[in-house]
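Chemist: Protein chains in written order, with this note's numbering: chain A, 832 to 1137; chain B, 832 to 1137; chain C, 832 to 1137; chain D, 832 to 1137.
Derived from the structure by calculation, the hints contain no laboratory data.
Among the hints, a few may not be true.
Each pair may be met inside one copy or between any two copies, as identical chains are not told apart.
Capping the alpha-carbon separation at 20 Å, the derived lysine to any residue pairs in SDA-like fashion look like this [as the list claims (entries may be wrong)]: (1) Lys1064 with Leu963; (2) Lys974 with Arg1057; (3) Lys1041 with Ala1129; (4) Lys1018 with Thr1134; (5) Lys865 with Leu932; (6) Lys974 with Asn1065; (7) Lys1064 with Gly960; (8) Lys974 with Asp859; (9) Lys1064 with Leu973.
4 protein chains.
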Amino acid sequence: MAISGVMRLGEVALRVLDMDAALHHYIDIVGLQKVTGDTGHVYLKCWDEHDHHSVILRSADSAGMDYCAFKCRADADLDRFAEGAKAFGLEVSELAAEERLASGRRIRFQVPTGHWVELYAHKEQNGNGLPLRNPDPFPDGLKGIAPGRLEHCFVYGPDSAAAARFFTDVLDFSVSERLELPDGSTKACFLACNTAMHDIGIVEHNEPGKFHHMSFWLDSPEEIYRAALLLGKNDVPIDEGPTQHGIGRAKTIYFWDPSGNRNEVFSGSYLSYPDRPALTWDAAQIGKAISYPQRRMAETFMTVLT
Amino acid sequence: MAISGVMRLGEVALRVLDMDAALHHYIDIVGLQKVTGDTGHVYLKCWDEHDHHSVILRSADSAGMDYCAFKCRADADLDRFAEGAKAFGLEVSELAAEERLASGRRIRFQVPTGHWVELYAHKEQNGNGLPLRNPDPFPDGLKGIAPGRLEHCFVYGPDSAAAARFFTDVLDFSVSERLELPDGSTKACFLACNTAMHDIGIVEHNEPGKFHHMSFWLDSPEEIYRAALLLGKNDVPIDEGPTQHGIGRAKTIYFWDPSGNRNEVFSGSYLSYPDRPALTWDAAQIGKAISYPQRRMAETFMTVLT
Amino acid sequence: MAISGVMRLGEVALRVLDMDAALHHYIDIVGLQKVTGDTGHVYLKCWDEHDHHSVILRSADSAGMDYCAFKCRADADLDRFAEGAKAFGLEVSELAAEERLASGRRIRFQVPTGHWVELYAHKEQNGNGLPLRNPDPFPDGLKGIAPGRLEHCFVYGPDSAAAARFFTDVLDFSVSERLELPDGSTKACFLACNTAMHDIGIVEHNEPGKFHHMSFWLDSPEEIYRAALLLGKNDVPIDEGPTQHGIGRAKTIYFWDPSGNRNEVFSGSYLSYPDRPALTWDAAQIGKAISYPQRRMAETFMTVLT
Amino acid sequence: MAISGVMRLGEVALRVLDMDAALHHYIDIVGLQKVTGDTGHVYLKCWDEHDHHSVILRSADSAGMDYCAFKCRADADLDRFAEGAKAFGLEVSELAAEERLASGRRIRFQVPTGHWVELYAHKEQNGNGLPLRNPDPFPDGLKGIAPGRLEHCFVYGPDSAAAARFFTDVLDFSVSERLELPDGSTKACFLACNTAMHDIGIVEHNEPGKFHHMSFWLDSPEEIYRAALLLGKNDVPIDEGPTQHGIGRAKTIYFWDPSGNRNEVFSGSYLSYPDRPALTWDAAQIGKAISYPQRRMAETFMTVLT
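Excised from the complex, chain A in its bound form:
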């Protein structure tokens, strides 16, 4: 297959302040499925993912992202990327198989923006609740928003240009869109490892290791609208949306989990083939870039991070 190296964002590990509140949010409202775990760590997944889990919640005193992990196609990719990361100047550690639950061996490093990133090529598969022969289109018992899959994550930190360069030059990501400051430098960079418009986004910011959001895929504008009602019915605070981004032209709602970690539901966009020209947004157009119809955004959108 044409896909090799990094296939997709496979895992986001978040810190939450109150596990019961977090589980109510992610299971009952967002509609993720609990795979396993106790009060310390809980492993969740979207219903249409075949891998064991995609979201990990850890009880902690501060919210934010512990790490994000990308799944590669082959074990050999890990060696190649470890070499590249070392050559780029990062310190690379190795996690043995099963050091992360249900996972094959991993490599792990801190990118210039201060975020911990892991790569792995194997994870136990527990299926999407449907048989592999004559499956129905969805399983019984879905509840809440019920996205089919984790889509991307978005982070803030210093030296984002170097981080972006690491993703493109070492991990073979492509830049699909950029928000450009008047001096020509990049304020925000959207990086795709595959046909998704972005698998990770990086924004230049003075504090290292900050988390802006993780995003879940929905299938249509109407599902975005339905998500808005479920968020309202459950008194989940909404940051922005429902609206459509200028960047990536995706339908979106941003909202917060009870610990203040931002979530997004996301639908639409285009396929980011490597031969598709990259797009640039002027910082003066940031309103349109974030909320295309309204051309403005909540102040919280650029300032509240975990």
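Using the hints provided, position chains B, C and D relative to the given structure of chain A.
Modeler: For chains B, C and D alone, coordinates are given in the frame of chain A:
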């Protein structure tokens, strides 16, 4: 980027009996855009494609597909695939740059089902009608169904098992789903080169080189419904749909162009990552596989080909 | 309010062959709510109806409709319509309050097509599951297709012209659309008492008292599509759709309950104000009238009745 | 038919500052159709209305609403309502047929909030662009948002309680929902003459005769989303939305015409039969009442009027 080798279906070249009627169909109703051409050959594209064209219509005495062409990431892929095709036993010819309009050099061969397939890595880009800086989400002046992109093609012919093996073993496609006969052999095979559920489908059939349909992407179930009304308003004959496939769980309508070539509009489905388990459908479930809610299909669906 | 006389279809009383199967169909799949009842009679309602119930199922040896009942605005309307019905030549009986469960007094008569029709002005209200102060847009716990309200019913019988004349001249309905035979007579008549495109439809047919379908309202084309998937997932036989009627331009799916009574989900259409011109469809256009995009319909659609 | 008296909002007459800009807004972006008129007065309509026009634009030095007009079922209704209005204490004038373009005779009066209201029973019909025999579901050539019909208007002024009492007691409207202040008085009142959730809304406000918005019907959440993109693409300022009202549970976007008159696109809601219980919203819940998912609204929403 993780994408290498064959990126996507880039071109379908069709024979049509009456060019004026064909242009009315593809431009005014389907909503493709005419790029260039005269009565002999006309080059069309979907509005959100950056490459020069994706559909070619040729005036002829019989309908059907002249060839389909896939775009590869790099020129070197062509050499690698030419080697592989020869090793597989196919005769491979080379087309020089510009032998096909606006195209870099190509390799060309006939797969075991009798279909002509071409590979190329370069094609002139004429954009999607939007600027690369601060673009709106769609250009002005779209008309008809107006799909954003060509999605896949579907063909019938003998020795489909060998053809499928060629696509998987030589061109690195993956099998995402199969329709299986009671003897365990494959009646229909859905082959993905990338994250689309399939870029080509192949059905076992006694006549070689037959064309079943080419498919265009739409963004939502409601756009499928809107397409149904536009087809009805223009008296375009509908074969099946609006409905949802069991296979690939995509929303769909099949309809015919004035020459009897089948078109599809297609929306939804899942991402066919290489680590997603392949699905199998029993031939006894073919009704559900094709038209999931109705569990039956028009007789024409399996029998009318060009 | 501008509304007086007959406000809407309030009740359809159906015969079912197997109550358990019927309850599984109407509660788990269609998503009606059980109000009360035992194996002999069960009373159901759509979630957004404030009145006590709208669908009654009765165990019987043959399927079909016992009667349909319309709710009038005021008790005095019953007297007025009783007078009119008698003057029209119908025999009118009176049912005392509580003779029908949770209902005020009723008048009852048989229209020329052989269908029993009842009128009432009062029914106990048990609410739509939401408070009357600061309500959410929908209650918790909806399942299945979950239509908000019963929309219309559709019947077949002889002397439909007289029946239609009764509805227009005595009960103040308007004809919104007609399907006309080549001799100028009416094959099917769509009758509105209010802004719905029709509250009852009547088709000329040789057998008296036949039931074609009752219809439930959904809010969007995408909800129609979702209903199609739920019907498919539960192996409910579909007669026609998802498609859009030419008549009334509503999105639709027809399907059968386990006893063979036809149901419809219905969305869209226009408001049938009394000053809106009536529409006529030629019998030669019946395909387009029933299934606008496909311009054909299942043979069962015109022939299977209960 | 059950409908008598006031059938619907039939006409909104607006003042605009720059007719060319207004026509670009209402014709090219909102997608109304120009019926007739010159630079002084232009008559517009929604495509699916059969009456001659529904929106009148008048060049003036200040924006706002000249009057709104409701269509009654019968000429005799005008006499009855004139009597009632006089008995209520209003001064009633009469406009002869053709004094308003294409209109039968009218009665005209100023309600306590300072708004001019007219009633008429006849208006020339110029059709919806479709034949009355075998019509397609929509005409060719629609552009912009293209709502099918004018839905309601919304006004601000003093003594709104008296105005609401006039609409209910004299014109037979019903109160479907109210926003209630802590002292039990009504801040905003939603009044229905028919099955629409409201045909006019009235908000208590110190200045008389102020206009908040007129609203156009769309058929689905996805059409609301599409409207948002068209507004964004044309740089039309958006006040609120896309979102869903708690009140009336309708999907909505509020935006401004170039003169500052607010428009709304509106979809969904329920049928306001006279036996449906009225709903009350606490002023403390105004965020949820206006923008259910976000539970907040732009400050402009309550303060910017014309």
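Chemist: Please name the hints from earlier in the document that this structure breaks, with their numbers sorted from lowest to highest.
Modeler: When the structure is compared with the hints, none of them turns out to be violated.
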